[in-house]
Amino acid sequence: MSDTEQKSKKITSMNNGFIVLPFKLPSFDVLQSKRSCYHYIFAKKHDSNNENEQNCLFIMNLPLLTNLESIKSITSQICEKYDTVSHIENLMYNDEFGLNEVDLSVLTSDLMAESQDKIEKRFTPRNTALVKFIDKSSLSNCLNALKKYSTSSKSDLLEWKYNTPSIETFINFYKPLDIDYLKEDVHTHLSLFEQREQQAQDDVQSSIVDEDGFTLVVGKNTKNLNSIRKKILNRNPLLKNDSEGVSKPTTAVDKKAKQDFYRFQVRERKKQEINQLLSKFKEDQERIKVMKEKRKFNPYKNSL
Amino acid sequence: MVPTKRDISQVEEVDTDGQIVSNQKKTFRKNEHMQEKPLESNDDDDDDDEEGEEEEVTHKSKNVSGSTAAYDIHVARETAELFQSNIFKLQIDELVGQVKLNEKHVLKVEKFLHRFYDLVQQIPDWEEKTISETLSYFKGKPVSIPFVDPKPAVTATNYKFNYKAPEVSLIGSFALKTGIYQPQGSSIDVLLTMPKELFEKKDFLNLRCLHKRSVYLAYFTYHLTNLLARDKLDDFLTVEYSYLHDDPLLPILTLKCQPGEDHKHELNFHKTKFSINLIIGFPYKIFESKKLLPNKNCIRIAKEDNDTPLEATSLYNYSVLSASAYEPYLKYLYKCKKETEAFREASILGRLWLQQRGFSSKISQSGSLGGFGTFEFSTLMTVLLNGGGENGNKILLHGFSSYQLFKGVIKYLATMDLCTEGHLQFHSDITYAAAVSKYVQEGFQTPTIFDKSTKINILSKLSVSNYNILKFYAKETLAMLNDVVQDRFANIFLTNINRSDQLKYDLCYDLKFPTNGSAESDLISKFTATERIKYITIENFLVHKVISVIKYALNDRIANLEVQLVGHRSNFAVNKRKPLVVMSPGSHFNFDHIRIKLLINQEESEKLITKGPLHSEQASQAAVLFKSFWGPKSSLRRFKNGSINHCCLWTTSSSEPVISSIIPFIIKRHLSEGINIDNTITKQFQDLLPLSNLAASSKTSVLNMTSFFNVKKSFDDLYKIIFRMKLPLSVKSILPVDTSFRYTSLCQPVPFAYSDPKFFQNIILEFETSQKWPDEITSLEKAKTAFLLKIEEQLASEHGTKYKSFFARDESIPFNLDVTTLNILTPEGYGFKFRILTERDEVLYLRAISNARKEATPALENTFLEFTSAYLASIRHTRTIENISHSYQFYSPVVRLFKKWLDCHLLMGHLKDELIELIAMKPFTDHYPYSIPGSVENGFLKILKFIAQWNWKDEPLILDLVKPDAAYEDQMEVSIGGSEINSETMKKLSEKLTLAQYKAIQSNFRNLRKDDPNGIHLQFFVASKNDPSGILYSSNIPLAIATRLTALAKVAINLIQTHGLNSQTIDLLFAPGLKDYDFVVHLKVPNRLKISSGIITQSEFKNLTNIDAPSSFPTDLNELSQKMDPTYQLVKYLNMKYKNTMIFSSHKYIGVNGGTHGNENVITGLIKPLYKKQMKFKVNMDCNAKPVDAESVVLNKESIYHEIAAFSSDLIVKFDLD
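If you read the protein sequences in the order shown, they are chains A and B.
Just so we're aligned, residue 1 is where the first sequence starts under full-length UniProt numbering, counting upward by one.
Just so we're aligned, residue 1 is where the second sequence starts under full-length UniProt numbering, counting upward by one.
Note that these hints are calculated values from the structure, not bench results.
One or more of the hints may lead you astray.
Said to hold, decoys possible - Keeping only pairs whose Cα atoms sit at most 30 Å apart, straight-line, the calculated DSS-like set for lysine-lysine is:
#	chain 1	residue 1	chain 2	residue 2
1	B	Lys-1178	A	Lys-44
2	A	Lys-44	B	Lys-1176
3	A	Lys-154	B	Lys-1178
4	B	Lys-201	B	Lys-164
5	B	Lys-912	B	Lys-1084
Since the model is a prediction, treat every value here as computed from it, not as a measurement.
Go ahead and model the full structure; you've got the sequences and the hints to work with.
In structure tokens:
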């Protein structure tokens, strides 16, 4: 273990440009480990065309329950150490428990989306986040400080302070929701929704072209464009497992037509029957072969 | 079939030649036309066999050269007609091939038999000896005379004993060539017929002929051992006396080979595992058979009054008569075999079928499942080939396939009554031309297949209770054979259900005799001379007594019973007179203890009252019997309809079935006070179920559903209130979808026990259809909440004094963070969690799938499945399980125990209740070849057995969720000769899975496995009519958890198999294996949650604990959370955080498994194998890593442990690292 410890000390950055930032961890009585442990955060300057994501630091592997406050405090500590200043504006996309990986609302309708053109949410991998700085200089100051910090010796490493939840935190999950808050929330949300829906309906264009090139006529009461388009595309993932219900309804002509009128029909049918019988027979033989290989025919198997 | 003259002559030739006369081989040459000739002609045999093979070969080669397809078509067609299905026929072929006797082994043992024949010829004749001369002859010799009890008195015995050379012949299945390979070895029956001149006319009386035979056997044994020693064969050959078929009247000599240095000796047949039974028979028709009819007395004893006739000695008579009829039956069967091509195969099927169910030819009067073995099966088949209908019409035809023959016999056994209403008679005399067998409508109250030629009832050895069991299995098997949907082959022929009493029977009781012998002397005094001539041995008498007492006492509480003498011995050394009994000191019985095994009748078993006959002024005979039988237990009670009956009142208990209190009472009353009745297993298992903190819960039967009914009642009241509410949309349905409504919750519902994780029962509320639901999911949920707010408002204003309610966030649907539920607390103390289902939900979830980017699709499909299972399928599931569990009384306690077991092993958190319930349903709805579980332990063990043997990679679990088929009862009525129309219509009406549905599900499974051949993503495919997709409840289980479940079940079954069931093994079954995990975190919560979960311990004082038990809801509903389990949330969030790298498990029911007070829990962690190795540093690797070099990282375990410690800081007490 000490070997790896030795090695890991030397690693200040990864090949793909990530700076390695070790932090000492507080000790816990229950863990009884004598050696000090470290947590490693990986950071890199974030390049993006997205306006929202300018002046950002891409960081990986934030410790437990990290929030904006804890990030601010640790960066200021580091910056202070290397005599520089840096201001953090926001911690973005930090979704520690994966609660917001998927935004169902956006996927079901564009009505409630924050901006109309951004249909899908920005996706960052789990266990990563963006730290947004106020300006470019803040970012570069911080980055420089972090680079220095990553090369500092063991004894100079800072200790990370966890935000630890109390029992109350867990018990609170069981607590009733505040009714007045809930009422207010429902009310505001639904009125916003209605407003936007009205807006959307007014904007509706009357023509959409479907797969076959026909123009769909949309009535006034139709909820919105989305719903129709999606209805065409929708396929139940469970349906693919349902082999029933695919058969075509028989038409009157089918019913009338006799199946054994011509000789060839009878002959064909017999032939088909025999072929079916034969293929099933072969299939069964194969199955038996497989079962035999698995020693399925031993009546004296020695288990309960 | 009437034999032609030529046939007869042939058979007669068999008769004379079917003996071992090896030096007369020339004479046998004559008989080369006979393929299946008894033993000595092995040369000829070979020729014949080879010829046969050659024929076949040419036959085949012709086909090969001609058209294979045409031949295949021919076979395929034929089998489709003659067998149930092609696959069934192919399976039979394989099976028969598997159990074929090894030709080399047969040759080897035949070689020995030739030598043996020579040896027998060398035994010198003897001269007539008196009893005292005989006794002195054997004095000091290493061989004793195996006299049957009572041995002849020297003074009163005036007949002579003698030995003259016997006629030697082969009999039994080896002679018939219907024997099969058996791993424990097969036996070859050699008949030594005593010459006629040794007998007098009256020798059948008073055991005389049996004594003569015993001396004959001893003399034979003595000389045989000498000859063996002379030829140096005794190095590997051992001889031993034993009772053939456990019949104490029929001592025989068995020859076995020992391994040893002489292994290479050419005559050592040890490897063949054969043993040779030397049976001494009487000459055919030596005694007047009429005098030995089953109702005649042939053992005269002194009696005080001579007016009443002596009891019939049917067992004795049978033993004497059958000893003279071995050969006629061999001929009878042989002739039939020659005429019926599939005879051999069918009798092999019959043999296997019987073996797998524990039946044999042993006499059932001395316990166990005897009385019906291969001989009886083959004979019945032969009888049915010669008639068997009421007019002597043939039930089976010679051209039938083995499948048809087998099914015909099974059907006959299942549908025809051979005991109370009628019997079957036949003529074994093959020379008798008009011999047709007939079913006669006259029952003898004992199973009867009567041979008019020999006057033998070949079912003499079969007791009534065993006959009922046989019939029961025949019915079950017939139902399986009639099943066109599922392949039942393995259940019929391959599964041995006789390996474990706990799986085969519902309840087992051991009767143990104390070492001081007090109980024995009690019983010995009851065994009078009259009893002795009837039952022969005290063991038989005891078996009879136990059976009759239990049958009367339990009556319709049980469906079937078997009594077994455990440790019964029937073999003994040749220097002993009878089996040595050294089981327990002071014991005089030839067994260790008696085991009573019961299959219970679920509907009646737990009833409180044993209702006896009507009370009348003049006590009726039945009333007198009832009173004297029950003694102080019997009392008079007036019933609702005004009648007054004699009855007995019993009390139920949560730890034991009512039967457990009846059996000790009657056994002590009618057998002996001193007997100990032992059944700790049932009690231990039932006590494992959490005992509810309800009034009289320890006196409540496990089958009692009152606690569940109370929840339903409370719900019904609430239902009415909500249904009447005036809301913007009217209520269409309010459907409960949770465990209490289908009787499957681990803890019974207890009022105000809100620490129980299942306290709030999910309810689905649906409104009438509306177009106005928002077309966006968040808004839709908000709109639903608006409706719930309206309901809450009205409930508060109109019923606020009684009902309390609050809102909670619901996270059951991943990514849908806006679901709120309305939780209502009823005045009765129960909680319901309402959620709304609209017709828009499904559309929106599906739309999300189609809109999502590719990487997110699986997550969204999972969301959709979660939604479907929680909102849609749960309704059907609850309805179905609730509905059918009424017919499977033990389903509820069994599934609850199974859940407890899962939670003990920390698996409950990973498996959905619905999945668990479906798996637990398997032994009930698909119970073949066993019966439907009738006790907690039986059901539970069957579940474990199923899981242990379920190869989920290749096999789907397809459940037919229907009540036990009344349909097959109806099919039963369509007995032989009846119309088939009824059964056809029955099939149409039944709700069972049709073949098409079954096939559709199978193809779903195949499709699934095409993408996921090893079951990495989905292991348990569990489908039913409710969910043909099979993936609804099992789609989110980590592979490690699935394999752990299988492994745990395997370990459990292994443990039971090697160590049996006892209190230690049961404790082990429920002990979590914490060492298997990478680390274990021990937690303690500040509040004790056991009593507030509604659970008490049996030993606890009710009144003391009840003080702690909440009896109302707190006024401030925020306080509810104080008594809820924080560890559940902790584990949930840990699993969410480390979803990619680790699996955390914990006890979900802290009240049940959280120590004595319900305040302890553990969290175990498993690191996924992928993350135990070094890996490449990637942006999307999603794990807490530390760098190893500039490119690779490893999992930073220490850091994770720190995070866990930090996360659970207030709860953690100990952190165990591997």
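Right, here's what the structure says about each hint:
1. B:Lys-1178 to A:Lys-44: Since the Cα atoms of Lys-1178 (chain B) and Lys-44 (chain A) sit roughly 13 Å apart, the hinted pair holds (cutoff 30 Å).
2. A:Lys-44 to B:Lys-1176: Holds, because 17 Å separates the two Cα atoms, which is no more than 30 Å.
3. A:Lys-154 to B:Lys-1178: With a Cα-Cα distance of about 25 Å, the restraint between Lys-154 (chain A) and Lys-1178 (chain B) holds, given a limit of 30 Å.
4. B:Lys-201 to B:Lys-164: holds, 18 Å
5. B:Lys-912 to B:Lys-1084: Satisfied, since the Cα-Cα distance of roughly 26 Å is no more than 30 Å.
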